[in-house]
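Q: Listed below are the residues making up each chain.
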Amino acid sequence: MKQITAVLWVVAAIVAFWYIACIPMNIDSALNAAERAGEQVDPPNAKERMQENDIILVWDNSFAIPDTWDQDRPRLPAPHEVITELWDSTVGKKITSKRSLVYHGWVTLSATMLGFVIGTGLGILLAVGIVHSKVMDLSVMPWAIVSQTIPIIALAPMIIVVLYSVGVQGIIPKAIISAYLSFFPVVVGMVKGLRSPDAMQLDLLRTYNASQSQGFWKLRLPASMPYLFASLKIGIAASLVGAIVGELPTGAVAGLGARLLAGSYYGQTVQIWSALFAAAILAGCLVGLLGLIERTVLRRMGMAQ
Amino acid sequence: MIKEKKNQPVVEARQLDLTFQTNDGPIHALKDVNLSIDRGEFVSFIGPSGCGKTTFLRCIAALETPTGGTLTVNGMTPDEARRNRAYGYVFQAAGLYPWRTIAKNIKLPLEIMGYSSAEQDERVNKVLELVDLAGFGGKFPWQLSGGMQQRASIARALAFDADILLMDEPFGALDEIVRDHLNEQLLELWARTEKTIGFVTHSIPEAVYLSTKIVVMSPRPGRITDVIDSPLPKERPLDIRDTPEFIEVAHRVREGLRAGHGDDV
Numbered sequence: 001m002k003q004i005t006a007v008l009w010v011v012a013a014i015v016a017f018w019y020i021a022c023i024p025m026n027i028d029s030a031l032n033a034a035e036r037a038g039e040q041v042d043p044p045n046a047k048e049r050m051q052e053n054d055i056i057l058v059w060d061n062s063f064a065i066p067d068t069w070d071q072d073r074p075r076l077p078a079p080h081e082v083i084t085e086l087w088d089s090t091v092g093k094k095i096t097s098k099r100s101l102v103y104h105g106w107v108t109l110s111a112t113m114l115g116f117v118i119g120t121g122l123g124i125l126l127a128v129g130i131v132h133s134k135v136m137d138l139s140v141m142p143w144a145i146v147s148q149t150i151p152i153i154a155l156a157p158m159i160i161v162v163l164y165s166v167g168v169q170g171i172i173p174k175a176i177i178s179a180y181l182s183f184f185p186v187v188v189g190m191v192k193g194l195r196s197p198d199a200m201q202l203d204l205l206r207t208y209n210a211s212q213s214q215g216f217w218k219l220r221l222p223a224s225m226p227y228l229f230a231s232l233k234i235g236i237a238a239s240l241v242g243a244i245v246g247e248l249p250t251g252a253v254a255g256l257g258a259r260l261l262a263g264s265y266y267g268q269t270v271q272i273w274s275a276l277f278a279a280a281i282l283a284g285c286l287v288g289l290l291g292l293i294e295r296t297v298l299r300r301m302g303m304a305q
Numbered sequence: 001m002i003k004e005k006k007n008q009p010v011v012e013a014r015q016l017d018l019t020f021q022t023n024d025g026p027i028h029a030l031k032d033v034n035l036s037i038d039r040g041e042f043v044s045f046i047g048p049s050g051c052g053k054t055t056f057l058r059c060i061a062a063l064e065t066p067t068g069g070t071l072t073v074n075g076m077t078p079d080e081a082r083r084n085r086a087y088g089y090v091f092q093a094a095g096l097y098p099w100r101t102i103a104k105n106i107k108l109p110l111e112i113m114g115y116s117s118a119e120q121d122e123r124v125n126k127v128l129e130l131v132d133l134a135g136f137g138g139k140f141p142w143q144l145s146g147g148m149q150q151r152a153s154i155a156r157a158l159a160f161d162a163d164i165l166l167m168d169e170p171f172g173a174l175d176e177i178v179r180d181h182l183n184e185q186l187l188e189l190w191a192r193t194e195k196t197i198g199f200v201t202h203s204i205p206e207a208v209y210l211s212t213k214i215v216v217m218s219p220r221p222g223r224i225t226d227v228i229d230s231p232l233p234k235e236r237p238l239d240i241r242d243t244p245e246f247i248e249v250a251h252r253v254r255e256g257l258r259a260g261h262g263d264d265v
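Protein chains in written order, with the working numbering: chain B, 1 to 305; chain A, 1 to 265.
Check each hint, because a few of them may be wrong.
As the list claims (entries may be wrong) - What the simulated footprint calls covered on chain A by chain B, stretch by stretch (three residues with Cβ under 8 Å from a Cβ of chain B suffice, anywhere in the stretch; the number is not a length): (1) 71 to 85; (2) 97 to 109.
What the hints assert, rightly or not - Derived DSBU-like pairs (lysine-lysine); straight-line CA-CA distance at most 35 Å: (3) K234(A) x K192(B); (4) K218(B) x K139(A); (5) K126(A) x K104(A).
Read the hints as simulated data drawn from the structure, not as lab findings. Even for Gly, the Cβ is constructed at its ideal location relative to N, Cα and C.
Build the full structure now, drawing on both the sequences and the hints.
A: Rendered as structure tokens:
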């Protein structure tokens, strides 16, 4: 109960801050509308208002404050506007509609999942190689680290262009960008996990004269499970970011990234914010789902009490 | 397996030397160690930290390689003996896999060695009974006390047919009451299985109570300072520790430890 109260307080504080931030952000357009409607505005001239500090405008025209929360094209949309848009574009539209966030969300989700599977598989394979081979440890690991220092926003268009030129388009390039971001946490986590058995555990297997593959399947792999799940949670969030970034340079056809881009082309801030929230909710659901799988698997294995 | 070798010592070390190369220079872990252990003996290695008692046990198990001298286990090199699964090893920590039940933990060496699953079940039940853990096979390690976990790890070492049991301070992390109890059980187990046991300990009463032979070691370089053949009978109730014979052996061990220490203490 105490926790729920605390959580609600934090949410309330964020929402309150958001509403307050809307006032100076949107006061200009609210006052323009008020002026057109024939109301007394101070200063009366739009050009002068542009020069004026937004806080002072609010101070001098406090009557317009409610209007700042109800703009057609606000600079910063109010929470209820975003929620309304989210509701309209998910529940209010047919799933097949190009305006449905469910449709766009699905486009992004499918690329995310494909990229996540590729990235996770690649990450695990690399980790297995790195743990078992000194040469791979020295040669692959530095490149894996370097790969993550390049901003994905710079790399994504090039991946898409290069793949397009060899005839690959659609979901695959996005999935590859996703995989590019998600393999790294898996490599790092799995290397740590596969190396987590201590010297005593390895000695014990040696006294049984166990082979390397027995050591892998019976000791290293099960011991790495908690590490794997921690990595997967980071990896899936990174995957989603990758898929969205991958949608930005494709000319905005479909997907949450396309929705973001279209929103910013046409100054539809409400649309941008609702797409952002859709992405955040999607990421939250994915991480939550992984957490659920984690708890089930680890409990089955007897590793969670 | 080889009947005519019955009288040959199980472990025989001649002028065994082991030097570790470290960044701070070479460390002489074992120097000129001569020892033979006969079939069915219970041999304790006692001495302060750094005297090489664990290192010697690890040499027998082929977990370390001596840099000089000869060492045979069952008439073979230690590494051959390891590959023939000649011994079971019990570490200071139980080291049970948290993702396996007790029964599955005991099955681990059996799976690795390729026993049939019917035989695995049979052996698990047998050794669980041997260490007094019958009925706990389905529990996970965290559901058991430290003493029970260590018993399960002993059961794991007994599950396959190694006739040597090497134990490296197996009860070191347990409290004295549990330790007394386990010592009593270990003697019982030894009597029933007739295994040869090598046992590393810090505790003088434990060494004297358990062993037919006590090897006193001292550090820098690690070497044997005294080998005591215990005059105590094979049948040993816990209160044997108050008899004059027991106290006398304990005294001799203590003297040996003190002599080995030189001016260090």
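Q: Indicate, hint by hint, whether the structure satisfies it.
A: Evaluated hints:
no. : hint              : in the structure
1   : 71 to 85          : holds (count 3)
2   : 97 to 109         : holds (count 7)
3   : K234(A) x K192(B) : 49 Å, violated
4   : K218(B) x K139(A) : 19 Å, holds
5   : K126(A) x K104(A) : 14 Å, holds
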